[in-house]
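Chemist: Take the sequences, apply the hints, and build the full model.
Chain order of the listed sequences is A and B.
Everything in the first sequence is counted per UniProt numbering, starting at 1 for the first residue and increasing by one.
Everything in the second sequence is counted per UniProt numbering, starting at 1 for the first residue and increasing by one.
In short, the hints are calculated from the structure, not lab data.
Since we're looking at a predicted model, the values are computed, not measured.
Hints may contain errors.
As the list makes no split between identical chains, a pair holds if one copy fits it or if it spans any two.
Restricting the straight-line Cα-Cα distance to at most 35 Å, the calculated cross-link-like pairs of lysine-lysine (DSBU-like) are [said to hold, decoys possible]:
no.: 1; residue 1: Lys213; residue 2: Lys128
no.: 2; residue 1: Lys56; residue 2: Lys261
no.: 3; residue 1: Lys61; residue 2: Lys303
no.: 4; residue 1: Lys337; residue 2: Lys175
no.: 5; residue 1: Lys36; residue 2: Lys261
no.: 6; residue 1: Lys157; residue 2: Lys348
no.: 7; residue 1: Lys348; residue 2: Lys61
no.: 8; residue 1: Lys348; residue 2: Lys261
no.: 9; residue 1: Lys337; residue 2: Lys150
no.: 10; residue 1: Lys337; residue 2: Lys157
no.: 11; residue 1: Lys337; residue 2: Lys36
Single-letter residue listing:
2 protein chains.
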Amino acid sequence: MKWKKIRTALLLVVSTTVLAACSFGSSSSSSSKSSKYTTTGSAASGTYEGVIKNGKYQTSKSRGVNVAQNDNTFNLKSFETGLTNVSKKVFSTKSYIFQEGQYLNTSTVENWLGRVSGSNKTGLNPKKGKTNGKRNPIYVQQIEEQDYMKQSGDNLKLHGITVGIGLNSVDYYRKTTDGPQYKQKISDADLRAYGEKAAQKVLTRLRQKKGLKNVPIVIALYKQASNDSLVGGVFFEYTSNSGNQLSSWKELNIENKVFPKASDSTTSNSNGQTDNSTFSNFKSQVQSFFPNLSGVTAQAQYKDGNLSGMHITVTTQFYSETEITSFTQYIAQAASKYLPSGIPIDIKIQSSSEMQAFVYRDSGQSKFSSHVFESY
Amino acid sequence: MKWKKIRTALLLVVSTTVLAACSFGSSSSSSSKSSKYTTTGSAASGTYEGVIKNGKYQTSKSRGVNVAQNDNTFNLKSFETGLTNVSKKVFSTKSYIFQEGQYLNTSTVENWLGRVSGSNKTGLNPKKGKTNGKRNPIYVQQIEEQDYMKQSGDNLKLHGITVGIGLNSVDYYRKTTDGPQYKQKISDADLRAYGEKAAQKVLTRLRQKKGLKNVPIVIALYKQASNDSLVGGVFFEYTSNSGNQLSSWKELNIENKVFPKASDSTTSNSNGQTDNSTFSNFKSQVQSFFPNLSGVTAQAQYKDGNLSGMHITVTTQFYSETEITSFTQYIAQAASKYLPSGIPIDIKIQSSSEMQAFVYRDSGQSKFSSHVFESY
Numbered sequence: 001m002k003w004k005k006i007r008t009a010l011l012l013v014v015s016t017t018v019l020a021a022c023s024f025g026s027s028s029s030s031s032s033k034s035s036k037y038t039t040t041g042s043a044a045s046g047t048y049e050g051v052i053k054n055g056k057y058q059t060s061k062s063r064g065v066n067v068a069q070n071d072n073t074f075n076l077k078s079f080e081t082g083l084t085n086v087s088k089k090v091f092s093t094k095s096y097i098f099q100e101g102q103y104l105n106t107s108t109v110e111n112w113l114g115r116v117s118g119s120n121k122t123g124l125n126p127k128k129g130k131t132n133g134k135r136n137p138i139y140v141q142q143i144e145e146q147d148y149m150k151q152s153g154d155n156l157k158l159h160g161i162t163v164g165i166g167l168n169s170v171d172y173y174r175k176t177t178d179g180p181q182y183k184q185k186i187s188d189a190d191l192r193a194y195g196e197k198a199a200q201k202v203l204t205r206l207r208q209k210k211g212l213k214n215v216p217i218v219i220a221l222y223k224q225a226s227n228d229s230l231v232g233g234v235f236f237e238y239t240s241n242s243g244n245q246l247s248s249w250k251e252l253n254i255e256n257k258v259f260p261k262a263s264d265s266t267t268s269n270s271n272g273q274t275d276n277s278t279f280s281n282f283k284s285q286v287q288s289f290f291p292n293l294s295g296v297t298a299q300a301q302y303k304d305g306n307l308s309g310m311h312i313t314v315t316t317q318f319y320s321e322t323e324i325t326s327f328t329q330y331i332a333q334a335a336s337k338y339l340p341s342g343i344p345i346d347i348k349i350q351s352s353s354e355m356q357a358f359v360y361r362d363s364g365q366s367k368f369s370s371h372v373f374e375s376y
Numbered sequence: 001m002k003w004k005k006i007r008t009a010l011l012l013v014v015s016t017t018v019l020a021a022c023s024f025g026s027s028s029s030s031s032s033k034s035s036k037y038t039t040t041g042s043a044a045s046g047t048y049e050g051v052i053k054n055g056k057y058q059t060s061k062s063r064g065v066n067v068a069q070n071d072n073t074f075n076l077k078s079f080e081t082g083l084t085n086v087s088k089k090v091f092s093t094k095s096y097i098f099q100e101g102q103y104l105n106t107s108t109v110e111n112w113l114g115r116v117s118g119s120n121k122t123g124l125n126p127k128k129g130k131t132n133g134k135r136n137p138i139y140v141q142q143i144e145e146q147d148y149m150k151q152s153g154d155n156l157k158l159h160g161i162t163v164g165i166g167l168n169s170v171d172y173y174r175k176t177t178d179g180p181q182y183k184q185k186i187s188d189a190d191l192r193a194y195g196e197k198a199a200q201k202v203l204t205r206l207r208q209k210k211g212l213k214n215v216p217i218v219i220a221l222y223k224q225a226s227n228d229s230l231v232g233g234v235f236f237e238y239t240s241n242s243g244n245q246l247s248s249w250k251e252l253n254i255e256n257k258v259f260p261k262a263s264d265s266t267t268s269n270s271n272g273q274t275d276n277s278t279f280s281n282f283k284s285q286v287q288s289f290f291p292n293l294s295g296v297t298a299q300a301q302y303k304d305g306n307l308s309g310m311h312i313t314v315t316t317q318f319y320s321e322t323e324i325t326s327f328t329q330y331i332a333q334a335a336s337k338y339l340p341s342g343i344p345i346d347i348k349i350q351s352s353s354e355m356q357a358f359v360y361r362d363s364g365q366s367k368f369s370s371h372v373f374e375s376y
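Modeler: Quick look at the structure:
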């Protein structure tokens, strides 16, 4: 509501200053007028710099397609973050620069995401109908391309691309436009098999494009979480290809969980059980400390069976700025006392309307830092 | 929307773990069972530790009163943050511990905030009616008490209190319950004169309370911003008292501004003009960089005529996580290039629904840090 006010105010403001587009970043050729490219610069170690072209951010040629493809925004966020993480395994953040996908445009991706048919020959999903008496589901739910560049004289040159393919674990559909929603589960084996076949088609098609004949092409498969999940899906395998045929797949053992769980009995491994009760301790501490009921939830990620990071959200009702400050101090202390050490953790502290404070320990840090969002 | 989902899920979760309240913090007497007090510990230098009693946060005895008193939440936030800053001038964060006000309870404060009348003898506002043909406005809009403690053996002992009095620069009122809202402006001279008289009454009343006879009592006067202001009001003077009569007032030269201004002509000092055009440069850079219109606004605070800090909010529409990452990197670079150095600045980067990333430079830091709120 507050923000609406500011936005309204903004629309009334006539900006009287118009400046020429300015470029900065790591461009090595500031003396040359012909260079149109600069980069965003890297804000943190282990992240890619992004491409700025003529002073503007170079957006994806299929910008926005995946927003429409995901009813659960957790799938959108984790797909893109996860794809960047897969890319980092092949293209070092130190030598490569990130560019939003420039080779697959909106209509191409939309066609690929459709069912194959007479009017849509490039659809990666099966034709409408049944196979062995069972409805053919939509397998391929989202596709994203990322480009990885290197400096070449005054310009940037493509040195590799990564394509993520998001595969449904549940396909939601309606028999008629206004009818009820049905769902069809897809087994891990089925979505993997279908995804690998789709990956070969994608590789073949990419190799036919000018500029992609010889660069490394990484393809990664992602299992979409269900629409009611409180955490996104995970990438489960990828392949890095120099030729026209898919190389062997490399397994990614990543698992996402939501804490707290109502019952530990559903947790698949013993690590998850310990982590869940550790988190429950933290939650109880926070809830007993503050007079208003605090919602305390977490997304946790596991790599190769080990907890690798957590995103925690604490929601409660504050009556004053001093309460927010004290609560934040308490959370920082409780976090270092009760939460697992050695992994990145961030904790959003919010009231129902907005984030009020933020406690975090980045990768490689030993202590929690905090920030209260104050206002003058 | 996403958060609603999580909260709904939370309500369904039955927490199976109940732990005894645990205490931590800087209590010096962990061997003694009789100590009921601990502290939140200080999360950042220059902030107070807060009091925890029997494992629970000790809330204010008049908790929530000021929430109801402020139509403009900027006044609520800046009043409390400002009052803490006044306290820091008298009670060092190194030797004092903060406690929410325990001497003025809800009904006392509510009575004080009312008009004086036969049924409300303690009302600090003038009686209903007119003086010299002019309506008597509500001057005193909010009151807050803060307690400052020191460790004394196993216990904490009160060593001083601070009381803030918020005075209207505009009094909003209705002639009938459902009638239109009118407003009555109150000049700086009038609100100051009225506030100083109210302060003497408050001091006299506090001295009559058990436990407050001999401690230092700081009283600070705050000018409320109007309800349509995009920044809160400011404290303009305070007095630190050891006796029953008010000591001399100490001026606080604090000014809040909102950037960008539509026209520089309304800016009162030349510093503000320079800072406004500096900010406009930053805003233009950000807006030309990103394809979607970005709302870029700032609250700026001045102390003794010098810019002392900024809270900036950037709102735009993102289509992917990689866009958020790149935009954040760009903002961090643009901030260090275009924004004034040597002062604390934080920049919230949000989409319409929620905060997506955050760039900040704390007091004493030379470089901007950033954090993207990711999701698994």
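Chemist: For every hint, state whether the structure bears it out.
Modeler: Hint-by-hint comparison with the structure:
When the C-alpha separation of Lys213 and Lys128 is checked against a cutoff of 35 Å, the pair qualifies only within one copy, where the shortest distance is 33 Å, while the shortest distance between copies is 84 Å. For the identical chains of this complex, Lys56 and Lys261 are inter-copy neighbours only, at 25 Å across copies versus 45 Å inside a copy, given an alpha-carbon limit of 35 Å. Taking the closest pair of Cα atoms, Lys61 and Lys303 come within 35 Å of each other only inside a single copy of the chain (32 Å); across copies the shortest separation is 48 Å, beyond that limit. Taking CA atoms no more than 35 Å apart as the test, Lys337 paired with Lys175 passes in neither setting, with 53 Å inside one copy and 56 Å between copies.
For a Cα distance limit of 35 Å, the shortest separation of Lys36 from Lys261 across copies, 33 Å, qualifies, whereas the shortest one inside one copy, 52 Å, does not. Taking the closest pair of Cα atoms, Lys157 and Lys348 come within 35 Å of each other only across two copies (33 Å); inside a single copy the shortest separation is 39 Å, beyond that limit. Taking the shortest alpha-carbon separations for Lys348 and Lys61, both the intra-copy value of 33 Å and the inter-copy value of 27 Å come in at or below 35 Å. For the identical chains of this complex, Lys348 and Lys261 are neighbours both inside a copy (19 Å) and across copies (32 Å), given an alpha-carbon limit of 35 Å.
For a Cα distance limit of 35 Å, the shortest separation of Lys337 from Lys150 across copies, 25 Å, qualifies, whereas the shortest one inside one copy, 44 Å, does not. Within a single copy, Lys337 and Lys157 get their C-alpha atoms only as close as 48 Å, which misses the 35 Å cut-off; across copies the closest is 28 Å, which meets it. Taking CA atoms no more than 35 Å apart as the test, Lys337 paired with Lys36 passes between copies only; the shortest distance there is 20 Å, against 50 Å inside one copy.
Violation of the numbered hints given earlier is confined to hint 4; every other hint is satisfied by the structure.
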